[in-house]
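Chemist: Protein chains in written order, with the numbering used here: chain A, 39 to 610; chain B, 473 to 612.
If the Cβ cut is set under 10 Å, some of the chain B residues that face chain A in the computed set are:
no., residue
1, Ala-562
2, Thr-564
3, Glu-565
4, Asp-566
5, Pro-567
6, Lys-584
7, Pro-585
8, Asp-587
9, Ser-588
10, Ala-592
Non-contacting residues of chain A with respect to chain B, defined by C-beta distances greater than 10 Å in every case (computed):
no., residue
11, Asp-169
12, Arg-536
13, Gly-565
For the record, the hints were derived by calculation from the structure and aren't laboratory data.
Where a beta carbon is used, it is the ideal one built from N, C-alpha and C, also for glycine.
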Amino acid sequence: VFDLRYGAFPGLDGGADGVIAVATDVTDHRRAEAMANHLAALVASTDDAVIGLDLQGRIQSWNASAERIFGTSGPEVLGHPIRELTDTNIDLSTLLQRIQEGEAVQRFPARRHRSDGSAVEISATLSPVRDATGNVVGASIIARDVTEALRAERRRLTQFQVTKLLAESRTVDEGSHELLESLTSGLGWDLALLWTAETEDGPLRLRDAWPPSGFQRFVEASRALSFGPGETAVGIVWSTGRPVWLRDAARERRFRRADGASEGLRACVMIPIAGSRRVYGVLELYAQEARKLDDEQLRYATGFGTQIGLFIERQGALAEVQRLNQELEQRVTQRTSELEMANRELEAFSYSVSHDLRAPLRTIDGFSKAVLEDYGPRMEEDGRALLQRVRAATQRMAQLIDDLLRLSRITRSELRHETVDLTAVAEGIAVQLRAQEPSRRVEVSIAEGLRAEGDPDLLWVALENLLRNAWKFTRDRDPGRIEVGTAELEGQQVYYVRDNGAGFDMTYRQKLFLPFQRLHTPAEFEGSGIGLATVHRIIRRHGGQVWAEAEVDRGATFYFTVPHAVSPNPPR
Amino acid sequence: MPFPRILLVEDDPDEEMLIRRALNRSGVPHLLDVARDADEALSLAMMPVPADGHVVIWLDLQLGRVGGLEVLRELRNSGVARFVPIVVFASTEDPEKVEASYREGANSYVRKPVDSDAFARTVETMGRYWLSSNLPPSPI
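Produce the complete structure using the sequences and hints provided.
Modeler: Here's what the structure looks like:
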């Protein structure tokens with residue numbers, strides 16, 4: 039780029055002899071100018087405040103954004119010290135010292151209260167400004183409005199704290215102090231009051247306040263109050279479930295707590311603590327200055343109110359579940375002890391009745407025998423046979439009574455816990471059975487190493503009953519086969535006694551373990567019907583189960599389990 | 473020499489009769505005193521019987537108002553019957569009753585069988601043992 043200048047070249051005659059054209063290369067100059075314009079435009083259009091300072095910290099230049107952020111116009115501040123623009127107490131001389139040494143200061147925080155009362159949070163970067171020779175001649179400030187960013191950050195933090203507090207608390211009371219503290223500082227208020235109502239009809243009472251000291255008169259006055267639904271502003275928020283923002287509570291007709299104004303409380307927001315079913319209370323936040331409605335602030339505060347409300351609801355439901363559970367447990371315990379009592383009484387009754395039954399039975403048998411002895415020779419054969427039947431019947435009844443007594447003793451006796459060698463027990467029983475009927479051919483196979491945890495005497499009785507049963511019902515087999523073994527069934531160790539005897543019809547298996555229930559007639563197989571009931575009781579007392587599989591004429595298998603966790607002894 | 477005396481404490485006349493009958497049929501020589509309740513038992517036991525005292529007391533446990541175990545205790549606390557052999561002859565085989573009987577000083581415990589053949593055999597055995605085999609302490 040050239041700068042061309044033209045001029046007349048004066049001749050001797052005073053006329054123009056010619057034209058002089060001087061061409062100057064101005065490329066650099068133009069470029070610099072354009073750059074300067076460009077930079078000026080940048081400074082003017084940026085959202086950041088760009089402020090020039092001299093070395094004394096006086097404002098030398100001021101862009102439009104600075105005007106907007108600081109809320110004051112250029113002409114008002116030019117030449118004024120920069121410290122007039124912030125509320126933050128800044129050690130300016132140290133800052134300027136650092137600038138003079140050529141150092142920059144990054145992201146310096148400051149706060150400014152504008153003349154209209156609103157506040158702005160600022161993050162500023164200070165850099166030295168040098169002249170062509172490199173000397174520091176001033177400073178530049180690039181300041182950014184971070185009010186929103188800070189607020190968002192604080193809300194996030196508050197959100198985190200509130201969520202954490204609620205998660206760690208079992209009741210609102212447990213965490214309410216910290217909760218109110220978080221909300222007060224996080225949302226930028228000076229006082230928080232939490233009102234709650236136990237029931238839907240209230241009354242609404244002050245539950246907690248933050249800070250613990252300060253505004254004492256107002257807090258105490260509030261503590262003494264209670265509100266019904268729709269009573270004053272707080273009651274309205276509670277009954278409608280909609281927040282209320284009071285720009286200046288002192289001037290509100292709906293607000294009737296005069297002490298607040300005397301302690302300098304002005305703006306107030308009242309947030310419903312709302313769950314999904316009802317409004318549980320109201321959160322009040324107060325500031326010491328008047329504040330106009332801030333929709334965003336209101337939205338956030340309402341969100342926190344809902345979060346607390348849902349928490350209260352959930353805790354209430356949880357407490358209710360716990361209460362019901364406790365009640366249920368109590369009822370079960372009571373019923374159980376009633377049942378146990380009834381059971382014990384019944385056992386005691388049957389025990390003593392069984393004894394009382396023996397004496398007349400002995401008399402019947404005794405006198406039948408006496409008649410046979412004294413008058414038998416004079417009686418006909420039929421008469422003697424009838425008396426023999428009387429005697430046989432008394433014997434059967436005596437046997438029944440004895441079995442009943444044994445059964446009841448099994449229920450009453452204390453359970454011992456030992457490792458029982460079932461193999462040895464079964465072998466011992468088999469020897470006895472053989473000794474009683476040496477003529478019978480029965481193949482008994484007993485698995486090695488059968489062990490169970492339980493009462494040795496009772497398990498012996500159980501096995502004896504099962505083996506005796508098997509022995510009895512294989513009477514018509516030659517050879518009879520009895521097998522004692524173990525198997526694993528659905529992860530459980532199951533013991534079994536199997537025979538190839540008469541078996542039974544599975545239709546009647548329900549009756550198998552009931553006392554006096556017999557699936558065979560006395561003519562087929564003798565017995566009182568107590569044996570399997572005894573087995574059943576013993577196994578049940580060990581916390582195990584007993585069941586059977588059989589087919590008529592094809593044998594039967596009796597299974598039982600003896601879990602390691604043995605049921606406790608019955609209460610005495 | 474007079475027959476040895478048994479004191480039977482038994483409130484049921486049928487039982488008494490069956491015992492008496494079994495003893496008579498056994499052929500064991502004996503005299504039988506019967507007490508129907510605790511009072512009778514105590515006064516009979518305390519009474520200085522001419523010549524000899526009772527060589528053995530057979531005691532039922534079910535005696536109505538005052539039970540056999542109390543009678544047993546009273547007898548053991550009395551001066552006269554402190555050392556007389558006492559056989560509890562009862563219906564029950566309840567281990568607790570058996571143990572309590574020995575604790576109170578019984579010398580033997582025999583269960584009454586229901587089967588009258590067995591009953592007769594038991595009474596006979598008891599008679600033979602206590603009246604002829606066993607040596608009682610000298611009466612005080």
